[in-house]
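Novice: Here's the letter readout for the chains.
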Amino acid sequence: MRKLLSLAALLSSASFGYYHFVHYNPGSSPFNSIPEKFDLSALNGNTVTYQISEGGPANYAATDGFAAVVSQIRGAARVWSGIETSELRLRFGGVSQPGANQNAQTPSIDVVFEDLPPGVNGYGGPTVKNEIVNASSGAFVSIQRSVVVLAKDIANRPSWSEQYFLTAVHEFGHALGLQHSFVSGAMSTEITRATTKIRPIFPDDEVGLSLLYPTTKFREGLGAVAGRVEFGGGEGIGLASVVAMAPGGAAVGTLTHPDGTYRIEGLAPGQYFLYAHPLPPTLQGEATPGNVVLPVDSAGRTMAGGQQFDTVFFPSSRVPFATVRVDPNQSTDGTNFTVTRRNSPTAIHSVQTYSFPGQVAVKPAHLYLSGARNLAVMTGSGLMAGGLQIAAIGGAVTVPSNGIRPYAGAPESYIQTDFQFGQFAGTGSVHLLFSRNNDLYVLPYGLRVVDKAAPQINSVGRVDATDVVVSGSGLNASTRIAFDGVAGTFRSFDEEAGRLTVTAPVAAPGSTVHVVAFGSDGQSSLFTQSAATLATNGGSELAAASVGLSTATLPAGTESVVEITGANFAEGMTSFGFGTPDIDVRRVWFPSPNRALANIWVAPGAAGNTYNFTVLNGVRLTTQTGALQVSSARSGWISAPSSTFVSGATATIQVNGMAISSLTAVQLTVNDRPAQVLGVDGSTVMFTVPSGLTAGVAVVRFQSGAETALPLAVTVTQPQATIASVTAGFGTPITADRPARYGETMNLTVAGLPENFAPAGTQPKVTMTIGGIEHRPFTISPSGGFLQLQFAIQTVVPQGIQPLVVTVDGVAVAPYSLPVRAF
Amino acid sequence: MKMLVTVLLALATTLTGTTLEKLSFDEMVAKSTQIVRGRIALSNVRQHGAIYYSHYSVQVSEQFKGPAARTIDVVLPGGTIGRSQQTFSGVPTFPADTELVLFLWTSKAGLTHIIGLTQGVFSVSKNAAGQTIFSRESIRDGLVDGRTGRPATDGGMRFTATEFSTRVSRGATK
Chain E
2 MRKLLSLAAL LSSASFGYYH FVHYNPGSSP FNSIPEKFDL SALNGNTVTY QISEGGPANY
62 AATDGFAAVV SQIRGAARVW SGIETSELRL RFGGVSQPGA NQNAQTPSID VVFEDLPPGV
122 NGYGGPTVKN EIVNASSGAF VSIQRSVVVL AKDIANRPSW SEQYFLTAVH EFGHALGLQH
182 SFVSGAMSTE ITRATTKIRP IFPDDEVGLS LLYPTTKFRE GLGAVAGRVE FGGGEGIGLA
242 SVVAMAPGGA AVGTLTHPDG TYRIEGLAPG QYFLYAHPLP PTLQGEATPG NVVLPVDSAG
302 RTMAGGQQFD TVFFPSSRVP FATVRVDPNQ STDGTNFTVT RRNSPTAIHS VQTYSFPGQV
362 AVKPAHLYLS GARNLAVMTG SGLMAGGLQI AAIGGAVTVP SNGIRPYAGA PESYIQTDFQ
422 FGQFAGTGSV HLLFSRNNDL YVLPYGLRVV DKAAPQINSV GRVDATDVVV SGSGLNASTR
482 IAFDGVAGTF RSFDEEAGRL TVTAPVAAPG STVHVVAFGS DGQSSLFTQS AATLATNGGS
542 ELAAASVGLS TATLPAGTES VVEITGANFA EGMTSFGFGT PDIDVRRVWF PSPNRALANI
602 WVAPGAAGNT YNFTVLNGVR LTTQTGALQV SSARSGWISA PSSTFVSGAT ATIQVNGMAI
662 SSLTAVQLTV NDRPAQVLGV DGSTVMFTVP SGLTAGVAVV RFQSGAETAL PLAVTVTQPQ
722 ATIASVTAGF GTPITADRPA RYGETMNLTV AGLPENFAPA GTQPKVTMTI GGIEHRPFTI
782 SPSGGFLQLQ FAIQTVVPQG IQPLVVTVDG VAVAPYSLPV RAF
Chain C
647 MKMLVTVLLA LATTLTGTTL EKLSFDEMVA KSTQIVRGRI ALSNVRQHGA IYYSHYSVQV
707 SEQFKGPAAR TIDVVLPGGT IGRSQQTFSG VPTFPADTEL VLFLWTSKAG LTHIIGLTQG
767 VFSVSKNAAG QTIFSRESIR DGLVDGRTGR PATDGGMRFT ATEFSTRVSR GATK
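Protein chains in written order, with the numbering used here: chain E, 2 to 824; chain C, 647 to 820.
Since the hints were derived computationally from the structure, they do not count as laboratory data. Treat the hints loosely; a few may be bogus.
[Unchecked claim] Pairs of lysine-lysine residues, derived as DSS-like cross-links and limited to a Cα-Cα distance of at most 30 Å, are as follows:
{"no.": "1", "chain 1": "C", "residue 1": "K711", "chain 2": "C", "residue 2": "K677"}
{"no.": "2", "chain 1": "C", "residue 1": "K677", "chain 2": "E", "residue 2": "K153"}
{"no.": "3", "chain 1": "C", "residue 1": "K754", "chain 2": "C", "residue 2": "K711"}
{"no.": "4", "chain 1": "C", "residue 1": "K772", "chain 2": "C", "residue 2": "K711"}
{"no.": "5", "chain 1": "E", "residue 1": "K130", "chain 2": "E", "residue 2": "K153"}
{"no.": "6", "chain 1": "C", "residue 1": "K677", "chain 2": "C", "residue 2": "K772"}
{"no.": "7", "chain 1": "C", "residue 1": "K772", "chain 2": "E", "residue 2": "K153"}
{"no.": "8", "chain 1": "C", "residue 1": "K677", "chain 2": "C", "residue 2": "K754"}
{"no.": "9", "chain 1": "E", "residue 1": "K153", "chain 2": "C", "residue 2": "K711"}
Every value quoted in this text rests on a predicted model; they were computed, and no experiment measured them.
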């Protein structure tokens, strides 16, 4: 094994880990996989929209409905959209009419509901054009459209259930380009999946998506391992699964290339056990080993793989004892496995673990650290024969002798296993190892150890039109209360009564929303009970049902701002869409709860069509049929290379679809204030953003002669203020050699504030913290764009370099490092 | 305890590829609209809304359940149209002219699917005694041997044609 200090190699390698829908070029090793993925350059803001078919399910559980389904689907998409190390973002694109998007040109995801045959709950996958795109970041096959297919009949799998949500997350993963993985994350088959609604993805899923759509920071500070899996004669094994597993921590896996080589990336620095195992055999309901779509060569021929061999830990053992060290920005190469061929698949595989905190089975088993619940029920292939041994990887959790026996409730198919928790055992996930003779099976995240019971809801009642009180057991200030998948806003927690008060999201009057409590440890009230319900009574906050668009027609091939009116709009709660990727709501601002401004792009191919307008606000779904018509009329429009303008600074816009007659005939305003046009270069207009604009959204309008471009919204910011100086006494500068002292009176000058930030006779609102300790200035003196403060250092401020944080009228001043000493 | 076991078993039968739910033989019999033996061949791939469906033509040689038909149009999701390919994990493909026994289900939209994707597919072969055998790959969790009552793990499903016919008749009349 050798260690390469090769960040450059890490960054340039296309031979990455995980498993995607893979193509290979002809030739032999080294193999570089060519994955199917969305072409980010074809997406605005790296964002793919998903449209949800308006048909919805046809058969619901009692009180369930389409708005709740849409809300849960939005939640599932947000799981993938929130991965920070992936560039790809997902956005709700509205409710689509059947067949409306067949000719849409913009890549997107269709969520549709089908009469699925018995035994099928959903599927998802990409549609690609079979052409390899050679990009600077590596070759790929571009996903044109993806589809997520969910069942029309959800009477037995309601929208609020763990299973419905996790199925949606899984199928979205396929739609984004991920195949099955074998480390119990969201992309594992449901057999071994250990995710829950509150922990819906694991690091393996994050790495899988980040490899397809990496941010520049994805590999920063992380490491990799690489090597080969081969038989004794040197024959490489394709489609072998290799997993890096931190004891009690993350597990990330990959499949080998046809020559047996592999690379696992995205590993946090630390010590890892590494093991190689064959794909589980093809089983009932599966088409291929492990249910993976096999890689294809350039001629479209399926490439074989998946030979059977004995599972082995690196370097060559049946138990994990040697770890491989992963260092930041390094690749630990040469972690090779030489494995023993076997003629039949391993007998032990596909194991599921359960616990019973109530009348419902929870998977994976959640056990109590106290030992109060210490048994797991397990089923899977090969468990029932004698001689089975089960061990927890990591040491602090053990299985006592005679701890494995048939489960009394179903002794023919299930076993019961007792666990003991040692002195150093803690909460978290436990990886399990199953063995018998030469069979070895590893189940990542096989158990979860918690220190308390799952939260339980006894009652949900209204305080007023917006707030509700949730009573129950196991609730605390960090418990999240979700209403049809949308988190309520925490208001207060009454510890004595065990009651949480939260603000519920907007819901339709007369509807029923489903309430679930989520603990920070991954447990939820669904572990012990069905969702609680809350009937909405049409309170005043819900009364304004109608939403309005400021225009009913937009020209094709343009982008412009549209005003949307309604009620209770809020960032993160309110989504708009037109049910087609050809009309893209690119940016939304919420200047008030009753008003939104949205920049809307209309693709050229949308001309002549009429589209629905959908608002998903909280868990309230409103659709206006035929609300927007797309015309083929020619119109000028503007685009902004930077969507943020700094008040008083120069900026540029691009003018499209109209000629600029002359500089003198040009008029440009920002929020109706004239801007000084500095010059025109072709279609580019450079100008000075008016000073003194209020920070927030602003509308840019442009006119050239008699022609007026469609308006566009941008964000306006103030130039950032800075702390120009901090002095003591009569102007002694504070430095590392002359720190600020406890009790000393300090003078602080803030520069770069807007000249009119504190009109005569007014006092700006100033907040100030030093080392996190709030300080109140005893004088505040604004003057022009400057502000002078006097304050004294409190004795509770820790000594050393402390962050000095000031806000003026809610706007943060650039942070400052202040040396502090007691005397 | 009985209730616990019932809940546990119900949960344990859920598996995904795709997201699948494991069905017992009797459940497949009960839920199918047709059970046929025949030769299957891909006829074409057509787009139905957002989904590509591969249409297979089944030349029926024997009918175990459902209305009589000489040929049946059966669909599986995914396929290739022109240069566009739609892929779903877990969907089987069949070599041309493969003889199979299929558990089929026709949706309200009139599309005939295979139950549980690959779950409703049995292969046809002969045993050493020359009897026709219908069999399916192994299943995930334990089976109970009907004669001994002992667990029989990973055994798959395997019937002679006569046994199969009897089981279907019995299941269909339940």
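Novice: Now tell me if each hint is right for this structure.
Specialist: Each hint, compared with the structure:
1. In summary, the hint linking C:K711 to C:K677 is supported, as the alpha carbons are separated by about 11 Å, within the 30 Å threshold.
2. For the hint pairing C:K677 with E:K153, the CA-to-CA distance comes to about 16 Å; that is within 30 Å, so the pair holds.
3. The suggested pairing of C:K754 with C:K711 holds, with an alpha-carbon distance near 18 Å, which does not exceed 30 Å.
4. Straight-line distance between C-alpha atoms of C:K772 and C:K711 comes to about 22 Å, which keeps the hinted pair within the 30 Å bound.
5. Of the pairs offered as hints, the one joining E:K130 and E:K153 holds, with about 29 Å between alpha carbons and a cut-off of 30 Å not exceeded.
6. At roughly 28 Å between alpha-carbon atoms, C:K677 and C:K772 fall within 30 Å of each other, so this suggested pair holds.
7. For the hint pairing C:K772 with E:K153, the CA-to-CA distance comes to about 40 Å; that exceeds 30 Å, so the pair is violated.
8. For the hint pairing C:K677 with C:K754, the CA-to-CA distance comes to about 14 Å; that is within 30 Å, so the pair holds.
9. The straight-line distance between the Cα atoms of E:K153 and C:K711 is roughly 25 Å, inside the 30 Å bound, and the hint therefore holds.
When held up to the earlier numbered hints, the structure conflicts with hint 7 and nothing else.
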